[in-house]
Amino acid sequence: MKRISISLIVLCIGINVNAQQTDVQKDTVEKIEEVRVKGFIKRKIQTDLKMAVSVDEYLASSDNISFIKRGAYAWEPLLNNMSSERSTITIDGMHVFGACTDKMDPITSYVESNNLSSIDVTSGQEGSMHGATVAGSIDLKRKSTSFSEQKTWSGAYQTGFEFNNKQYFNLGNLSYSSNRFVADGSIALRKAGNYYDGHDHEVNHSQYNKLNASLGFAYKTNELSSIKIDAIFDRAKDVGYPALPMDLWLSRAIITSAAYKQMFEKGIVKVWDTKVYFNAIEHYMDDTKRPENLVHMDMPGWSNTYGLVSKVNLKNNRFSSEIQLNAYENLSIAEMTMYPQDRSKKTMFAYSWPWVTTRFAGVSINNSWEFNDFSHLNFGGTLSWNYNKVKYPEFNWIFHPGTPQEKNRVLPGLHASYHLSLNQFEFSVGTGYGHRAPSVSEGYGYYIYNSFDRYDYIGNPDLKNEISYEANASAGYKTEKLTIEAKVNYFYIKDYIVGKILSLGSPMNYQSVGVKGYTSLDHAKLFNFALNANYDILEHLHWKGTLTYAKSQDHKGGNLPFIRPLSYMTSVHYMHQNFGIRASLNGDLEHKDFSPEYGEDQTPAYTVFNASADYSMPFRQYKASVQIGAENIFNKYYSTYADWGNIPRMGRNMFVALKISF
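Quick note on numbering: my numbering labels position 166 of the sequence shown as 158, and the sequence is numbered without any gaps.
Just to be clear, a hint being listed does not mean it is correct.
Computed Cβ-Cβ distance ranges for the label pairs, DEER-style [stated by the list, open to error]: (1) P396 with M646: 55 to 61 Å; (2) G506 with S608: 54 to 60 Å; (3) D454 with Y211: 29 to 35 Å; (4) V263 with Y527: 37 to 43 Å.
Honestly, the hints are just simulated from the structure, not real lab data.
Positions of the beta carbon are idealized from the N, C-alpha and C atoms, including for glycine.
Full structure from sequences and hints, please.
Shown next as structure tokens:
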């Protein structure tokens, strides 16, 4: 278990379909039926301010994703203001599970911006295609070059430097495409030191060092089918977490897949896509650089997952459907060994994840029925089976005597939404119902220390499924110059899982003030609102603004933790020929609805100003872009509601970047 040995497996994609041609006599006119073209633009993995961003920075630009930050690296994404246990995060549909009990390695930390083509974020039960969820899903789509009639090479190289934490990065991509064969490769290197806050004080233990590489090959077996294999390797080492009592010595991941894709010219079935995958993650915490710790610990973790994803796309006139099968098996192990100051003497050993096996199988369906050119109905659902087995149940029996070693759960889900377009207006209304099973930590965790509220947490295998009832709506208006959209959603979550103080048991960590056990509240309510607007002030001058608000309460009217206060972002962008300049400000209002019960305190309002400028220089078959900019221009000292332990954010940060592509 302590070594990752892998056999490469994996995936399929890309196919060219030859259109039929009808010979038409020259110099004649032939009337054809109306052709309606629907399309979308894939957004580049970059923000308005920076062209070379991390995956975390890119996701943070979304209006329904926020982050818990324990340092400068590997932020935990919160979709719809819910913790990561309540969302499904996948890589090309593959389930990957972190190996750290302290969430120091969210799935988003195992990819890089230069090996992704897009990120699909789906809210609520509409995100259940990849498995049972409450908050929704985040699917990280890996880059995949299309087959081409002629042999083609393409690539890009990015480099840059950020002055606050002396971060340098180098990201490279190279692709080859022909009629039958495609190869994609990428590599990314990032290294940063400690950053400085708005008071110019060094934030210790905030450094990181990361290597990420990926490789993919696709082969067209005939004109309508192809096979593909993919692999991602990620290694992070010497990563500091200033908000935690421990850092990361080493984290490694190998994520592999093999797929077959078949397209059909005739019939209701259009595409069949099947993928098998394997991934393995190992994670080693380290507190040897924390001399203030009176007791030292070794806390390694391992997570191995085998899985299958198979989906079929159907279409008949105005009705289309996607049916997807998901199945996987995961083994999660985490150890905890305590030492006195003399590390040659061991004082205690325990499994904080006592060899927990999770098996999951589910069938999901998403249908779209177009009534006419102006309205359509999306509806679907999922039915899943979740199985857990723990190898060492004695750790659970200490607090839950006689609890079964195995647990089976059925997880149903349903969703429906109606969409209407009337001239320049667009409306939608939807609803959803779904279950989720407790996570490994919630069900089987043993003395997992939470440095936010300073309690040790104990899992409960007998927890009920969380049950979500959801309603959502949106309204939009669009003209040639103005676009404005408002979105709301409301969740009523029955048997909401939280940690509550236990009357029995003593804390194991000397920094703990007590022991909490995961339990279920009667219910919790969560409301989210987002307003987005874009306006073209002049031909080359554009404005964009976002306003978000959230409110959450438990069954007694108390506040839940990590709920974002009213936040805002506004920016202007001037672009003319090869030159562009951007200026923005963003901030939160005072966090008044905090939850002392879960370790929160009040955080003040803040506003941060940012600016950047870029210039593009095309020459021959190459294109070069250079960018300079600054974040937190006025060196504001601040900490937000989601900064673990009130660690301060980075102060003024100047950056410069160069990108060359061909």
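Review point. Holds or violated: 37 to 43 Å for the Cβ distance of V263 and Y527?
Key: 39 Å, holds
Review point. Is the distance from the Cβ of D454 to the Cβ of Y211 consistent with 29 to 35 Å?
Key: Distance hint for D454, Y211 is violated at roughly 49 Å.
Practice item. With 54 to 60 Å as the target window, see if G506 and S608 comply at their CB atoms. Key: The hint (54 to 60 Å, Cβ to Cβ) holds, given that G506 and S608 are roughly 58 Å apart.
Practice item. Indicate whether the distance between the beta carbons of P396 and M646 respects the range 55 to 61 Å. Key: Distance hint for P396, M646 holds at roughly 58 Å.
In this structure, the one hint that does not hold is number 3.
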